[in-house]
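Novice: This is what each chain is made of:
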Amino acid sequence: MLAVAIVLAGMVWSRLAYWQVAQHGMLTTAAQAQFREFVELPATRGAIFDRNLTQLVVNTTVYSAFVSPDQITAAERDRVASGLASVLGVDKTAVLTTLQSNAKFAYIQRRFPKAKADQLRVLKLPGVGLQDETQRSYLPGVGQGTTLAANMLGFVDWNGNGNYGLEQKYQKLLAGTPGYISSYRDLANREIVLGTHTHQDPVNGSDLVLSVDANIQYAAEQLLADGVKKDNAESGSVLIMDPATGGIVAWADYPSYSANDFNHTDAAAFKDNVLSYVYEPGSVMKVVTLSGAINAGAIAPDTVINDPGVITVGGYRIYDWDRRNHGNIDYTRVLESSYNVGAIKAMQAEGHDAFYKNLQAFGLTQPSGIDVAGESFIPPPSASAMGDSQYATTSFGQGIDVNMVQMLSAINVVANGGRYAPPHVVERVGTQVNPVLLQPQRQVITPQTAAKMTTMMQQVVQHGSGWTSRVPGFQLDQCGKTGTSQIPVNGQYTGDVWTSFVGFLPAQHPRFTMLVVVRKPHYPGADHDWTLNDGYLTAEPIWQKIAQTMVVDWHITPDPH
Amino acid sequence: MARRRLGATGASPHVTAPPRRRRRTRGFIQVAGTVAAERLRLNLFGHAYLGVGAVLIGLLFYLAIAAQITSASYDITRLQDQQRQLIAEQDQLRYQEVTLHAPAQVQQQAAHSGMERVVPSSYVAGQEVAVDLTAPVGASPTDTTPLWMRAVAAIVNTVGGTRDVMAATKK
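Each protein sequence line maps, in turn, to chains X and A. Each residue of the first sequence is one higher than the one before, starting from 351 at the first, in the working numbering. Each residue of the second sequence is one higher than the one before, starting from 53 at the first, in the working numbering.
There could be a bad hint or two in this list.
Unchecked claim - Take a look, some chain A residues computed to stay more than 12 angstroms from chain X by CB distance:
id, residue
1, 79
2, 80
3, 103
4, 104
5, 115
6, 186
7, 203
Stated by the list, open to error - Short derived list, chain X residues pointing at chain A, Cβ under 10 angstroms:
id, residue
8, 409
9, 469
10, 476
11, 536
12, 621
13, 898
Stated by the list, open to error - The calculated EDC-like cross-link candidates involving lysine to aspartate or glutamate, where the alpha carbons are at most 16 angstroms apart (straight line), are:
id, chain 1, residue 1, chain 2, residue 2
14, X, 466, A, 141
15, X, 442, X, 426
16, X, 464, A, 133
17, X, 464, X, 483
18, X, 464, A, 143
19, X, 464, A, 141
20, X, 522, X, 721
No lab work stands behind these hints: they were computed from the structure. All C-beta atoms, glycine included, are put in the ideal place defined by N, C-alpha and C.
With these hints in hand, go ahead and build the complete structure from the sequences.
Specialist: In C-alpha cells:
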C-alpha cells in the first residue's frame, strides 16, 4: 500500500517537475505572450528634395479597415455593412457575407485616405477597426496617370521596401532603423502604458537633396511627351546634366507611370529607359572619336581628307548616310554633316589601341556607376577581340551598346574642359555632401582639345545637322550633334531607328548638357523618305524646346562676342 | 572602586557626588496612545478589528491608486491615438502644401489665369568687367586733415586723425 502511494506520489511529483522545471521556459513565453506585447516602432523614411529644396516625396498616413465578425451580433450586421458600404464604397452584400462568416479577422478595404477613416470613426461601428500605415506620396506629373520623375525616384512598396530608382538604391539610408517597445496589455487588449517597458527609439532615415530641378524636370517631361507623340515614336527619354559637377538636373521618360498607384501599374512600365535601356548611339559617338584623334595629334579640325562616300573595312563596304562622293573635306565638315567615312579615317589615323583607350577614358567600357538602381550595361569586346569592321562601325556609333548616362557623361567631357565629371543624382545625404563631389575629376582630353571640339560642335549647329536645335539668341553660342542608328533585331538591322541629339550651351561657359533619345519614331511622311526619322527632325526639336525653357528659367545669357 | 584625585596639596578626603536622575521626556504620540488605550480599554477583539480595519483601508487605498493609474494609462493611450491622428492630418496638409507648389499645379494655375511663357527674341550682350584680383592692394591713404583740425579733434573726440583714415589704416 505504501509502495503504491509512493509510486503515485512520485508520478505526480515527476509530472510537476516536468512542467515546472523542464517546461519552465516554454510556459513563461506562452504566458508572456498573453499579456506582453512587442511592438515595432517604425522609423520615419527620409524625404527627398530637389536642388531648390522642393519636397518631391512626402510621407502620408493611410488607413485600412478591418472587421472582427465574431464581435458583431446578428442584429448589428446590417448597420455595420451599410456603414462600411456608404463610406468606403464597397459592395454591401460582400461585407454581409464576411460578417456572417466565423472569421476572427477580415480586411474590408486597404490604404484609403484619412477623410474616409474620419467618417468611419464618427459612425462608431461595432467590431470595425482601423489600422494606420505610412505611404509615400509623390508629386503629380504631366498627365493624370503619372507622377514627377517616377522613373528616377522609383517607389516604396507596402512593406516599406524601395523599388527601382533612388528609393531602391538608397533604401538603407532612407529607411532608417526601426525601434521597438515591449509593454503589457489588459484583458481587452488595451495597452497599459504605465508599467515595465523595454523601449528602443527608432533612428529615422536620412533626407536626400538631389541635383534635380523640379521645374526643369516637369518641363522636360511635358515637352518630351509632346515630342514623342508628334513623332509617333515608341518612347523617348531626356537627360540633363550640370557640366561642372556631373549632377543630373532632369531625368525624364515617356511613357511613364504613377508611383502613387504602383500596385495597379504594369511592371513593364517601371523600367527606366535612361539607365536600363542600352542602345547604339549612332553619330553622337563621332564627338568621342574625333576628340580622341585630335587629342592624340592624329588629326586637327582643319585636316583635309578625301571622302568618296564609301570605304571598305575588313571586307565590308561602309557608306556615308547619303552614299555620295564628297571629295576633299576637312574634319569640321565631317562632323557638321556627320560622315561615317571621315570618322573611320580618324579612328584609323589614331590607331586601334589608342581608339580603344579613348573609349575607356570616356567611360564607355564600364558602367557609369550613377547612384540610381538598375543600370544596364553591355561591355564591348576586349581590344584584341574586336575586328577591323567593329572598330570601324564603333567609330560612328554602331556595334557598341551604351546607356544614356554613359553617353551623356562622355560628351560632357567636352563641355567640362576635358574632365570627366562622375554622374550622380544625390548631392547631399542628410548634412553630408556626396563624396563623389569632393573627388578630383579625371582629365580625359586636354582643355585645348575640348576647346577645338567645342568649336566644331558649334559649327554643327550653325552650318550642319544641328540647325533645328537653335535657340533664339544662342545661334552662335551653342553646341550639338545629332545621332541616328538602326535598331538590330536578331542580329539584323531593321528599318526602325534610335534618334538622338546631344548638346550644351552657352558654348564657352556651359550651364547644362542635354541628351534626348527618341526610340522608333515614325515621323509623318517617313514611309516615303526614311531620313525624316532622323535626329534633326525628331530628337532635336525636343532638345530645342527644353533648352529654351532652361534659358528662361535659369536666366542664361549668351557669351559676349 | 574608589578613585583618587591627584592634587598639589596631596591627598584630600574622598567626596562622592549625589546621583543624577536622568530626565526622560515622553512624546505626544506616546502620551496620546496611552491615554487612548486607557480610555478605550480595547480587548483582544478590539485589536483584531482595528488591525483588519487598517488592512482594509490600506487595500482600498491601493485599489484607488491602481484604478487611478489604470485610468491614466488609458488616457495616455487615447492621447497617443489622438496624436497619431494629428500627425496623419499634418502629413496630409504637408502633402497638400507641397502639391500646391508643384510645377504641375503652378502651370495649371498659370494657364487658368491666362498666363503664357514668352520666348525672348533677343538678349543684351554682357559686358565683361575688368577686375584684376591679383593686383597689389597698394599703400594706405595719407591723412590730409589740417593740423589744427587734428588738434581740435584730439581734444573734442579724444582720438587722433580722422575716423575714415583711421578705419582705412586700422589693422
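Novice: Flag every earlier hint the structure violates by its number, smallest first.
Specialist: Of the numbered hints, 9, 10 and 12 do not hold.
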